[in-house]
Amino acid sequence: MTDCPGADCAHAPANHTQLSENGIRLLVDRFYEKVRRDEKLGPIFEAAIAEDEWPAHLSTMHDFWSSIMLTSGRYHGNPVVAHRRVDGITPALFERWLALFAETCSELFDQALVATFMDKAKRIATSLQLALFYKPEHDRPGAAP
Amino acid sequence: MTYVVTENCIKCKYMDCVEVCPVDCFYEGDNMLVIHPDECIDCGVCEPECPAEAIIPDTEPGLEKWLNLNAEHAETWPNITVKRAAPPDADAFNGTPGKFEKYFSPDPGQGDGADETQAAPQPEAAPEP
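As you go down the protein sequences, you meet chains Z and X in turn. The first sequence begins at 8 in the working numbering and counts up one residue at a time. The second sequence begins at 37 in the working numbering and counts up one residue at a time.
In case anyone wonders, no lab produced these hints; they're calculated from the structure. The beta carbon of each residue, even a glycine, is placed where N, CA and C say it ideally should be. Warning: the hint list may mix true and false statements.
Example chain X residues on the side facing chain Z (calculated, C-beta under 7 Å, incomplete) [what the hints assert, rightly or not]: (1) M37; (2) V56; (3) D60; (4) I77; (5) C79; (6) V81; (7) E83; (8) P87.
Subject to a maximum C-alpha distance of 30 Å in a straight line, what follows is the list of computed DSBU-like cross-link-like pairs (lysine-lysine) [unchecked claim]: (9) K138/X x K127/Z; (10) K142/Z x K47/Z; (11) K127/Z x K119/X; (12) K129/Z x K41/Z; (13) K119/X x K129/Z; (14) K138/X x K101/X; (15) K129/Z x K47/Z; (16) K127/Z x K41/Z; (17) K142/Z x K138/X; (18) K47/Z x K127/Z; (19) K101/X x K129/Z; (20) K142/Z x K129/Z; (21) K101/X x K119/X; (22) K142/Z x K127/Z; (23) K119/X x K138/X.
Computed spacing ranges between beta-carbons, pair by pair [unchecked claim]: (24) A128/X x P50/Z: 57 to 63 Å; (25) Q118/Z x P93/X: 20 to 26 Å; (26) G80/Z x P123/X: 35 to 41 Å; (27) E40/Z x F136/X: 47 to 53 Å; (28) E110/Z x T112/X: 29 to 35 Å; (29) A122/Z x D52/X: 21 to 27 Å; (30) L103/X x A99/Z: 25 to 31 Å; (31) K142/Z x E83/X: 26 to 32 Å; (32) P144/X x A54/Z: 38 to 44 Å; (33) A122/Z x E85/X: 20 to 26 Å; (34) G49/Z x A128/X: 53 to 59 Å.
Please put together the full structure from these sequences, using the hints given.
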């Protein structure tokens, strides 16, 4: 466990170079506040996650990003299956998600850390989209569009 | 996109990767691990954890053989999410050339939970009268 207080992130966001569990919690909470208010993402998330399920969802997302960024091994799950259950999910929504995530990271962390977060987020988003939307038959030369 | 386990895992099987993988996409063979390409979310957390540097992103060239091997065996080998001790001679094999030709085994490994007590065969239920 690191001892970097999350409060530091809030007061001196641009200088927050050492990532901690608190930093991740702050990012996740702030990001999903934006998501829920967002014109495009809000309705999708509200339909997928009931009001009383949000605390558990945020906790899962803390664990997920802790596993990705701090290799804590706290998250174990199947994000592809979770996203398959989401009604109305589209590639455009992934782009919107990434834009909001980048915006939130930039409010909290320095450039290098934002770049690391975004590298991971983009890779995962691409991977999820391949799993959700990719149709191998579209790759065949001469296949109908 | 996915990460791929390559030749230097053979006979090393350090298994540090399985503990950090958030989506539990490693599968265990007799003497190496593979990644299920449809389950990997390309987060890259495992790559720096591998002491044998055997885990590589599929965006690198020349990985077709290993992509196919990972995809094929991930379907039949057991899932592994909890690290066990590496083979005692793992360090001696780390980096030795030609491991695939000499040592690769298509046999499944023990996977999670298959310790000796659980691996003991269960007595078969009496046939229905």
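Results for each hint:
no.: 1; hint: M37; in the structure: 5 Å, holds
no.: 2; hint: V56; in the structure: 5 Å, holds
no.: 3; hint: D60; in the structure: 6 Å, holds
no.: 4; hint: I77; in the structure: 5 Å, holds
no.: 5; hint: C79; in the structure: 5 Å, holds
no.: 6; hint: V81; in the structure: 5 Å, holds
no.: 7; hint: E83; in the structure: 11 Å, violated
no.: 8; hint: P87; in the structure: 14 Å, violated
no.: 9; hint: K138/X x K127/Z; in the structure: 36 Å, violated
no.: 10; hint: K142/Z x K47/Z; in the structure: 25 Å, holds
no.: 11; hint: K127/Z x K119/X; in the structure: 24 Å, holds
no.: 12; hint: K129/Z x K41/Z; in the structure: 19 Å, holds
no.: 13; hint: K119/X x K129/Z; in the structure: 28 Å, holds
no.: 14; hint: K138/X x K101/X; in the structure: 16 Å, holds
no.: 15; hint: K129/Z x K47/Z; in the structure: 19 Å, holds
no.: 16; hint: K127/Z x K41/Z; in the structure: 20 Å, holds
no.: 17; hint: K142/Z x K138/X; in the structure: 38 Å, violated
no.: 18; hint: K47/Z x K127/Z; in the structure: 23 Å, holds
no.: 19; hint: K101/X x K129/Z; in the structure: 26 Å, holds
no.: 20; hint: K142/Z x K129/Z; in the structure: 20 Å, holds
no.: 21; hint: K101/X x K119/X; in the structure: 26 Å, holds
no.: 22; hint: K142/Z x K127/Z; in the structure: 24 Å, holds
no.: 23; hint: K119/X x K138/X; in the structure: 25 Å, holds
no.: 24; hint: A128/X x P50/Z: 57 to 63 Å; in the structure: 58 Å, holds
no.: 25; hint: Q118/Z x P93/X: 20 to 26 Å; in the structure: 23 Å, holds
no.: 26; hint: G80/Z x P123/X: 35 to 41 Å; in the structure: 23 Å, violated
no.: 27; hint: E40/Z x F136/X: 47 to 53 Å; in the structure: 51 Å, holds
no.: 28; hint: E110/Z x T112/X: 29 to 35 Å; in the structure: 44 Å, violated
no.: 29; hint: A122/Z x D52/X: 21 to 27 Å; in the structure: 25 Å, holds
no.: 30; hint: L103/X x A99/Z: 25 to 31 Å; in the structure: 30 Å, holds
no.: 31; hint: K142/Z x E83/X: 26 to 32 Å; in the structure: 29 Å, holds
no.: 32; hint: P144/X x A54/Z: 38 to 44 Å; in the structure: 41 Å, holds
no.: 33; hint: A122/Z x E85/X: 20 to 26 Å; in the structure: 21 Å, holds
no.: 34; hint: G49/Z x A128/X: 53 to 59 Å; in the structure: 57 Å, holds
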